[in-house]
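Could you build the full structure based on these sequences and the hints that come with them?
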Amino acid sequence: MSVFPATAAAKAAGRSRTSASGTRPGSRNQRSAYWFIAPLGLGFAVFYFWPLLQTLYFSFTEFGAFGGHTFIGTDNYLRVVKDVTVWQALGNTLIYCVIGLMALPVAIVVASLLNRRGLRGVSVYRALYFIPFVTLPVAVGLVWNWLYNGDFGLVNEILGWFGAERNYWVSDPSTAVYAIGTVMVWSTTGYYLVIFMAGVKGIPQDYYEAAELDGAGPLRRFFTITLPLLSPTIFFASVICMINSLQTFDLIYIMMAEKNPAIGDTQSVVGLFYKWAFIENAQGAAAALAFLLMLVIAALTYLQFRIQKRWVHYA
Amino acid sequence: MPDRKRFDPGSVATHAVLSLGALIMVFPFLWQLLTALKTLAETSRVPPTFLPEDWNWASFEEVFTALPFREMLTNSLINTIGRTLGQLVFCSLAAYAFARMQFRGRNVLFALFLSVLMVPSSLLVLPQYDIIQSLGLLNSAPALFLPGMFSAFGTFMLRQFFLSLPKELEEAARIDGAGSFRIFWSIMLPLIRPALAALAVITAMWSWNDLLWPLIVNTDPEKMPISAGLTSLEGQYETNYPVMMAGSLIASLPMLVVYLFLQRHFVQSVALSGSKS
Chain A
1 MSVFPATAAA
11 KAAGRSRTSA
21 SGTRPGSRNQ
31 RSAYWFIAPL
41 GLGFAVFYFW
51 PLLQTLYFSF
61 TEFGAFGGHT
71 FIGTDNYLRV
81 VKDVTVWQAL
91 GNTLIYCVIG
101 LMALPVAIVV
111 ASLLNRRGLR
121 GVSVYRALYF
131 IPFVTLPVAV
141 GLVWNWLYNG
151 DFGLVNEILG
161 WFGAERNYWV
171 SDPSTAVYAI
181 GTVMVWSTTG
191 YYLVIFMAGV
201 KGIPQDYYEA
211 AELDGAGPLR
221 RFFTITLPLL
231 SPTIFFASVI
241 CMINSLQTFD
251 LIYIMMAEKN
261 PAIGDTQSVV
271 GLFYKWAFIE
281 NAQGAAAALA
291 FLLMLVIAAL
301 TYLQFRIQKR
311 WVHYA
Chain B
1001 MPDRKRFDPG
1011 SVATHAVLSL
1021 GALIMVFPFL
1031 WQLLTALKTL
1041 AETSRVPPTF
1051 LPEDWNWASF
1061 EEVFTALPFR
1071 EMLTNSLINT
1081 IGRTLGQLVF
1091 CSLAAYAFAR
1101 MQFRGRNVLF
1111 ALFLSVLMVP
1121 SSLLVLPQYD
1131 IIQSLGLLNS
1141 APALFLPGMF
1151 SAFGTFMLRQ
1161 FFLSLPKELE
1171 EAARIDGAGS
1181 FRIFWSIMLP
1191 LIRPALAALA
1201 VITAMWSWND
1211 LLWPLIVNTD
1221 PEKMPISAGL
1231 TSLEGQYETN
1241 YPVMMAGSLI
1251 ASLPMLVVYL
1261 FLQRHFVQSV
1271 ALSGSKS
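Protein chains in written order, with our numbering: chain A, 1 to 315; chain B, 1001 to 1277.
Some hints here could point you the wrong way.
Label pairs and their calculated CB-CB ranges [to be verified]: (1) S1164(B) with G264(A): 48 to 56 Å; (2) L1112(B) with S123(A): 36 to 44 Å; (3) L227(A) with A1172(B): 46 to 54 Å; (4) L1253(B) with L227(A): 34 to 42 Å; (5) I158(A) with Q1236(B): 27 to 35 Å; (6) S1134(B) with Y207(A): 57 to 65 Å; (7) T1049(B) with K259(A): 25 to 33 Å; (8) K82(A) with L1163(B): 44 to 52 Å; (9) E1222(B) with P204(A): 52 to 60 Å; (10) F1027(B) with P218(A): 23 to 31 Å.
Which residues of chain A face chain B? A few of them, derived with a C-beta cut under 7 Å, are [what the hints assert, rightly or not]: (11) V138; (12) A198; (13) D250.
Hints in this document: simulated from the structure, not taken from any laboratory.
Even glycine gets a Cβ: it sits at the ideal position worked out from N, Cα and C.
Below, the structure is given as structure tokens:
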């Protein structure tokens, strides 16, 4: 019990931050706190905050052939807005985003199946579903390219059993973006599965038992209990999923060779950014493009937060 | 109580669906292995064969001559260790201060640090590249891990754990005359070991798998990590699928092993990032 007044005193000392005299009991603590955050703060300053300001500056400049930035006002932004490839990349990115979100329903269904009372092997299933997420993206891209291969690929072979025609999935402009999107879904489902498994576990079993007594079947229980009570988790996962797929780069970079005829139909905004910044040396325009992307991410995230009131139920 | 003797059709159906899903998740890797073991001629056969005719291990040796594969694996290892250690040290220090210490400007600084989470990484790579270049570090090991040593996510996550610890421990130590660092190092840090493990495991995975940043800073094949190195294999060996599959398998193996052994921590870190953000 003797600890309590000391705690209260410490709290009071911490709260009354009006005078900065060095004699208060909390002050030694206060000064050393800065030493604790200094290393990280320094790292952030050098590698995050300063670069952010720099990018802002770059976006208003032109990068010369021999280095050096010349101020050109809003020209880069105008170039970005007028460029057809930017709009195409943005369109592709939004398609990836929509396809990427398909991982959520799959993960929710699997999570609720795994939640079945007395089911064995839950951790084995979870482990297997999670493996694609842990695997090197380059390896994932390479193996899927091989599966999608138009001449010797297994995908054509299997679809052939059902009478489908052969296709060059990743070099046909009408299918490439979906072929890559499918791999995105495949590789991220395990990640959302883990998140949803935690969410589903938080739903009291009594609800299901009571519903069962009232004669509700498994589908009914899924739609009236699992989905509404999981909606905060679904909301979180959809925000994360959207932000991640808007920044997608790795898979596309790996799966699309330079000479691929479908390259324009699959390029993401970050892919275009990479091309401008590090291949075409158009740093200013690339910086402007990056800001455009951030704006899109912010706008869509804001939109999600606005819409959530209509469908997310907080218990 | 699971009753094993009674036949439960619902449970059988559930297992059937889940197994089919699991097969779809794992099959590409099995196919990767089978392809790596085939001869080049066999991989281009129509219809494809399932099992290799002769089990041919040569591709696993060939990747080591096709690329500076050993160096690339070492670079990946250095990158992964550098980032992980950096995050554990820097994030835990800052997280501790934000969770357990009183100081002027704490909330403002914390909000500022958290804002790093919201900035897309592509927005920063141009100036980050310039910084690495001006430090003369292009094509070096530190170039790979320097920016990744500082993480807002890690700080946020560890802070949540520090917040959950009881105050009494700290006060008792302070009465015994221990300084802030001593309390942090020998009392508080050991108590959040599970969180540190989870952060380490997830950071290691991101570092091993990262592609964009290594592609930018280390363009010399000898200095690339394996994630970037494999893409150059794709360029040179466009049609040599056994070698590409063998390379992919070897490159994925370390993280798969880490995952299988430390699954608990992976799952925990994902569930945490899911519930606490």
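Now the hints, each set against the structure:
1. S1164(B) with G264(A): 48 to 56 Å: Given range 48 to 56 Å: holds, Cβ gap about 51 Å.
2. L1112(B) with S123(A): 36 to 44 Å: Because 40 Å falls inside the window, the suggested range holds.
3. L227(A) with A1172(B): 46 to 54 Å: Roughly 48 Å apart at Cβ, these two residues keep to the hinted range, so it holds.
4. L1253(B) with L227(A): 34 to 42 Å: 39 Å, holds
5. I158(A) with Q1236(B): 27 to 35 Å: 30 Å, holds
6. S1134(B) with Y207(A): 57 to 65 Å: 60 Å, holds
7. T1049(B) with K259(A): 25 to 33 Å: 29 Å, holds
8. K82(A) with L1163(B): 44 to 52 Å: Check passed, 49 Å falls within 44 to 52 Å.
9. E1222(B) with P204(A): 52 to 60 Å: 57 Å, holds
10. F1027(B) with P218(A): 23 to 31 Å: 28 Å, holds
11. V138: This hint holds: V138(A) lies near chain B, its Cβ roughly 4 Å from the closest one there, short of 7 Å.
12. A198: 4 Å, holds
13. D250: With a minimum Cβ separation of about 5 Å from chain B (threshold 7 Å), the hint on D250(A) holds.
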